[in-house]
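Q: Letter by letter, the chains look like this.
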Amino acid sequence: MVPIHHYLLLGAALFTIGVVGVLTRRNIMVILMSIELMMNAVNINLIAFSSQLGHVSGQVFAIFVITVAAAEAAVGLGIVIAMFKNKETMNINEIDLMKW
Amino acid sequence: MSVEQVLFYVFGAIAVLSALSVITLKNVVHSAVALAATLLSVAGIFLTLRAEFLAGVQVIVYVGGILVLFIFVIMLISIEKSIVERQFNRQWVVALITALLLIGELGFVVWRGKDSLVVAEGTQPQASVLGVTGNTQLVGETLYGQYLLPFEIASILLLVAIVGSVALAKRKTQAE
Amino acid sequence: MNFLDLIWLIPLFPVAGFIINGLFGKRMPKSAVGTIAAGAVLISFIFAVGAVYQLAQLPEHERSHEVVVYEWINAGSAVTTGGQATRFVVNWSFLLDPLSSVMVLVVTGIGFLIHVYSNGYMWEEDGFYRFFAYLNLFMFSMLTLILGSNYLMMFIGWEGVGLCSYLLIGYYFHKKSAGDAAKKAFVVNRVGDWGLATGILLIFATFGSLDYHTVEEVIRAGVASGQYVVSQPIFIGIALALFVGACGKSAQIPLYTWLPDAMEGPTPVSALIHAATMVTAGVYMVARSNWIYQMAPEALAVVAVVGVLTALFAASIGLVQNDIKRVLAYSTVSQLGYMFLALGVGAFAAGVFHLMTHAFFKALLFLGSGSVIHALHHEQDMRKMGALKNKIPITFLTMAIGTLAIAGTPGLAGFFSKDEILWQAFSSEHGHPLLWLIAAIVAGMTSFYMFRLLFMTFYGESRVDHHTEQHIHESPKVMTVPLIVLAVGSVLAGYIGLPKWLGPNLFEHWLEPVFEPVQAVAVSAEEAAHHSVALEVGMAAVSVGIAVIGFLIAYTTYAKKSDRAERVSAQFKGMYQALLNKWYVDELYDALFVHRAKDLGRGLWRFDSRVVDGLVNETAVGTVKSAVGSGWWDRWIVDGLVRFAGGFVKTASWPIRLSETGYTQNYALVMIVGVLVLVGYVLWGTL
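Chains as they are written, first to last, in the working numbering: chain R, 1 to 100; chain G, 1001 to 1176; chain X, 2001 to 2687.
It is worth saying that the hints were derived from the structure and are not from the lab. You may find that some hints are simply not true.
To be verified - In silico DMTMM-like cross-links for lysine to aspartate or glutamate, where the CA-CA straight-line distance does not exceed 20 angstroms:
hint : chain 1 : residue 1 : chain 2 : residue 2
1    : G       : LYS1026   : G       : GLU1085
2    : X       : LYS2500   : X       : GLU2512
3    : X       : LYS2625   : X       : ASP2608
4    : G       : LYS1026   : R       : GLU88
5    : G       : LYS1170   : R       : GLU72
6    : X       : LYS2500   : X       : GLU2429
7    : X       : LYS2477   : X       : GLU2125
8    : R       : LYS99     : X       : GLU2660
9    : G       : LYS1081   : R       : GLU94
10   : X       : LYS2389   : X       : GLU2474
11   : G       : LYS1170   : R       : GLU88
12   : X       : LYS2384   : X       : GLU2461
13   : G       : LYS1026   : R       : GLU94
14   : R       : LYS85     : G       : GLU1080
15   : R       : LYS87     : G       : GLU1080
16   : X       : LYS2573   : X       : GLU2587
17   : R       : LYS87     : G       : GLU1004
18   : X       : LYS2183   : X       : ASP2586
19   : X       : LYS2500   : X       : GLU2516
20   : G       : LYS1081   : R       : GLU88
Because the structure is a prediction, the values reported are computed rather than measured.
With the sequences and hints as input, model every part of the structure.
A: Printed below as a string of structure tokens:
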């Protein structure tokens, strides 16, 4: 029996790795992948709690998270394609349309 | 150590290492492969938690669906240029420090609260509740029973995402 | 199917037709437009028949079915003038009782026939779809008016039919006369609507509800407890205010002038709106409010006198008109006067009975005249007609039946209803021999002008110009079949309301629950004896005799070759001119109201151009002078301040602006720092 806080620490580690990827990488594809990492970390936590509490709701929540991840990936990749067609770049720090 | 524990630590190590590869490798294709490794090992961790259905969903939807989508897009765009470019932005030092602080805080929280997370003996899950046999059935019943409305909303979300991504990707560029 | 619970659907079918035709009619083939419009009304008719049939199956005292669709207005509490607490709640609800069932059958049945007829009559017109969309909208409004179970629903329908009437009178809007007529109808109706609205407000203020049933119950309870007595001023006030509304909609003196002008609209519209249905809304409303009128005999007397005078007045004008539709229009006004006479002598059932029979034969006459006009390529002047009997035989036969019916030929519909009114005018407790006398004279005049119309149009020598004559043709089946159906109705409709000496009056019996007297009237033996059969038969004979005289005069003057018409009109030249010019009422109204309004407008304009404009001009000069001074102030002081403020903000803001880099990852970093700070803050609290 693995103690639950090991699962939580694993989740925290994966989440932080995802955060680092989002904050530091220039390539937008890697950023999207890092977001997937963060969502996976959340799923690990949800399922660990679900198992711990003997309640199936956590697993159902995980399914919703996966749904949102799929939707986010679809829209995000659509944005990537649009961006690549318009700007000929994959680098997010060359996009500053939100500047004041 | 039981088999369960061994599996957890092995999968956990693979997940962390491959996740680190995802954010450090230069070639996006390599990153994608590393992500696949992470996702598969997370699926393994789901198995150690007796969430067989979720493990299956993880493999089918994430690895089979989302990741393949990523690779499609990577193939659509040129990667040669981005390999030779600078990989990290200028705020990476600040970001790294922040992330280290974050993991420190999170780890501290979990470590400090680990005793409160232990569920008392006797309230442990019954084999019949999260048992090997009934997991998929249980998830299905909950999903289509208690969570029917959120489920429908999630399907609408997916539909909106499909329409939105098609609209985004089909849009004419300024050059056209 | 339980049609009784589905009566709320009856007005909805035409509205569906209106939406379809109004939105898409322009692109649809004409046949589809016409079929949808007529089909929608046919479905309404079927539902109405089903509902009325099921209503008739119920026991007599339960024949009142209300369907509440939803609570429409709930505007909180109020206090009546009597000091009773109440709530202003209005439901969107429908009521089917004997009175509204008569109306709904007439409106949907005759409405359907006229829709079918219009498919032929309007085929060549531009804006075919527009016509049918309006017509369906009218059906919706009219059915709401009839089936609504409270005064506010009635008011909605009332305004709706007014709007549709306006739209349809002005259907040929490129013609100035049509546009003017539409405006006239609208404005005159506004005067009446003011009365109706006042009446409705008074009803709520007095009885604390707008619901028919509730108002009736309050009145009955008030009478039983002695709170309300006959001739109380409030009843007279409400009754008169409502009657002003009825005068506007149903074209009674002094607000009748719009109806003859309304003939500018297409003929099916004249038949449907300005003869059979809409103009009878006033009659319906007075009949519906009969418990109020029963409490106000003085108002009833006003109704009767106005009704009989309108009948006489309009009939006299109708004697000499030459436009075929105008004759019918004045005839309509005159017959509406009859209905109000019946209401005014307290014979509500007789009024509604005449409303129904009149709907049949007047719709028939209008549609027939439309058929004549159609055959003659839009010629409406009877002086250019004649000898059409054999050229358009179906139109002739049906119109002859309609004429016989309206003239009161024994055995046809008009005879029974008119005779009932005449008898009631004489014998009812509110009646008076003088009322009977005038009404009988009007019957003779009716007979004369209707036969004059028939003879001038179909007999004698042809005065049609040569070119048109070659193209005279009978109308297509789609127009003649409705004529035949209406002709059959004009013959048979009277038999449901036989006079006492011939048999049971089924119609009056059917309406009895609605017109139940507020106060129980003891029928004394003396009064029973008053119902002398011999007297009633004798009076019927007199009225028939008067009608025959009218017929004979018309026959000898117009059917035979005779110069009597010219001789008589030359002999009474002043009288003739007065009649021909409609007693100069339009001119009088122009002089009294229209020109005064114009004078007022001109005066205001003069005031405007001299005083107001002068002031404005003076102000402008002053403004220019002061502007130079304020310009300097503006440039240096105000602008200076503004520039200073702007510059200050711009300079002071640059360090803040630096944070807005536009790079997503910067923002994400700040978010993570925020998470750090929040988690740290929580942790700090637990240490």
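Q: Which of the numbered hints are not met once you compare them with the structure shown?
A: Those not satisfied are hints 3, 17.
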